[in-house]
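There are 2 protein chains.
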Amino acid sequence: MDVSEIGEFGLIDRLRAALPATSRRVAIGVGDDAAAWAAGDGFVLATTDTMVAGVHFLPDAVPWRDVGWKSLAVNVSDIAAMGGTPSVALVTLCLPPSTQVEAVDELYAGIAECARAYGVDVAGGDIVSAPVLAITVALYGTADRRDDGSPRVLRRDAAVAGHAIAVTGPLGGSGGGLRALRERGSGAASTALIARHMRPRPRIDAGRAALDAGVRCAIDISDGLVQDLGHVCESSGVGATVELARVPLDAALVEQYPADARMLAATGGEDYELILVAPDDVLAATGAALGAPMWIIGRITEGRGVRLLDEDGRDIDVASGGWDHLKRTPA
Amino acid sequence: MDVSEIGEFGLIDRLRAALPATSRRVAIGVGDDAAAWAAGDGFVLATTDTMVAGVHFLPDAVPWRDVGWKSLAVNVSDIAAMGGTPSVALVTLCLPPSTQVEAVDELYAGIAECARAYGVDVAGGDIVSAPVLAITVALYGTADRRDDGSPRVLRRDAAVAGHAIAVTGPLGGSGGGLRALRERGSGAASTALIARHMRPRPRIDAGRAALDAGVRCAIDISDGLVQDLGHVCESSGVGATVELARVPLDAALVEQYPADARMLAATGGEDYELILVAPDDVLAATGAALGAPMWIIGRITEGRGVRLLDEDGRDIDVASGGWDHLKRTPA
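One line per chain: the protein sequences are A and B, in this order. 33 is the number of the first residue of the first sequence in the numbering used here; add one for each residue after it. 33 is the number of the first residue of the second sequence in the numbering used here; add one for each residue after it.
Pulled out of the complex, with its shape left as it was, chain A reads as follows (with noise of 0.2 angstroms):
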């Protein structure tokens, strides 16, 4: 059997059951965006992410500043999802003997610059040789404790049926920015959508001032609206339902693509907005405190797996949405 007949989550429910935390120094496991331990009065937050040429990224397509930018943007959005703060990175580079280093030159300058952006500091790595080009970021955040002992984080698994469902701004630019990017789209709203393709921003300040405002649960979007979403009610024992025509959507990917805009919205990834579950009153506060609508989008329920609405109330077909890294897509 090979492993795209099981995919990454089945994989990932295998490590899980292959590497049992042997002791009570994790907090938080396999399973979430970050893993977190108790160091000193507080956590440590720690995610890692891949980022490899020609799968995650067209190397003849982008510049490689923005795959750097985007490299560790990836990592800094998991602390985000959990509510932490960034703090130190270490980049593995697997580089190809004949990559120039003008291209690691301007990686480099990439990472930096989202490093400023984010108060990080990049504090060590590995460099190896291997046919083919790929960069890992290894993040370190902080979360504090709360009175029982437990991080002050947002959690996957904290979902309950009755709360309200929110995103913290328009979904669907990252995949339309895929795509004008494989149609070799130019004009300004492809050029936004690659840019938001690129150079997400991750929600450092949406997922502290959700935290502070009293939201529990929260995952970022990275591989789709629903998928992400699924996570989170797989996590926690709880269904959803979401009615698209409340998804907000990227006011480029409306110009440039309005008959796909709300389909890749919904199942586009790589967002990097969060999802927030938390009572209404909550999210209206997580709001007031940024400054910034939350756009509720649904409600979680009792059942399972995640059900989209169209503006008629009827189900729409969201089997195949997502992203899975490993299995086989439909031809």
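Worth flagging that the hints you see were computed from the coordinates, not collected in a lab. Since we're looking at a predicted model, the values are computed, not measured. The beta-carbon is built from N, C-alpha and C at its ideal position, and this holds for glycine as well. Please note: incorrect hints may appear among the correct ones.
[Unchecked claim] Chain A stretches covered by chain B per the calculated footprint, using a threshold of three residues with CB under 8 angstroms from any CB of chain B:
{"hint": "1", "segment": "40–50"}
{"hint": "2", "segment": "108–118"}
{"hint": "3", "segment": "168–181"}
{"hint": "4", "segment": "237–247"}
{"hint": "5", "segment": "308–322"}
Based on these hints, arrange chain B on the given structure of chain A.
Leaving out everything else, chain B in the frame of chain A:
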């Protein structure tokens, strides 16, 4: 210019220049075995290492379980070289979709064995599709604080002229094991050497004993004795003289490859013993605490560079000794 012209260490220098730590948070940044930053009353240590199929291991020649062990063990060795205590790991797998699930299960089993042996919890990671199989482990550990507020660790940049150079165990076994793998060697000596290569035993015990005895300077032997000692000399602004005849040799290596044993011990790499630099009495105290010999192999000098001397006190040319992960090796 491609990266093979400037090599791994040239790229690390560029990384250091491009990504200066922007805060005072990082106590030890790029250039030591692990990074260190303050957390609570102590310090977090962090390191990461990648193993790429076909580059760092021969996927048809070694069991996946051994690859799993080694992928974590090489990181544990970096923590050992700091005198730290390993704690939590993140594991990233780059997998071709055709990878067999059984291979991944065995990888996990090997990681789990090493994790149990060294008290490490695996708390998360990432799994991505890639054209080549690679395993990246990011490992965190802990270190105490000295009275002056600095991390209580062993550093590369603390070698002092006149101090003795010791190694914590026989060398060359791993290099001999790599050769035995390539030659498809069998028999007891080959098997022992291959085990040295694929199942290294990081010296957490020796790092801790050295720190307790007052040693300030160490590095682990990953690139090779001469090259790793060179890193110490460069970081510390000193030179070193090593008497090749005093370098302890792996017994199976002497049995299997008697003619090449000394040079494999000096340049072979991946033995994951420690090089300790300290006054003779401090090294003696380390050995006494461990109940094991510390092999004194040479001395730190004024000047620069590592001199390797034969039994008659003549210089041995080791210009091409050791391992750079990117540079082309002379044909």
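Hint check results:
Only residues whose beta carbon comes within less than 8 angstroms of a beta carbon in chain B count, and the segment 40–50 of chain A has 6; three or more means the coverage holds. Given as covered by chain B, the segment 108–118 of chain A fails the check, having 0 residues with a CB less than 8 angstroms from a CB of that chain where 3 are the minimum. Using a Cβ-Cβ cut-off of 8 angstroms, 4 residues of the segment 168–181 of chain A lie near chain B, which meets the minimum of three, so the contact claim holds. Restraint check on the segment 237–247 of chain A versus chain B: 0 residues with Cβ-Cβ distances below 8 angstroms, three needed, restraint violated.
Against chain B, the segment 308–322 of chain A contributes 0 residues with a C-beta closer than 8 angstroms to a partner C-beta. That does not satisfy the three-residue criterion, and the hint is violated.
Consistency note: the structure conflicts with the earlier hints numbered 2, 4, 5.
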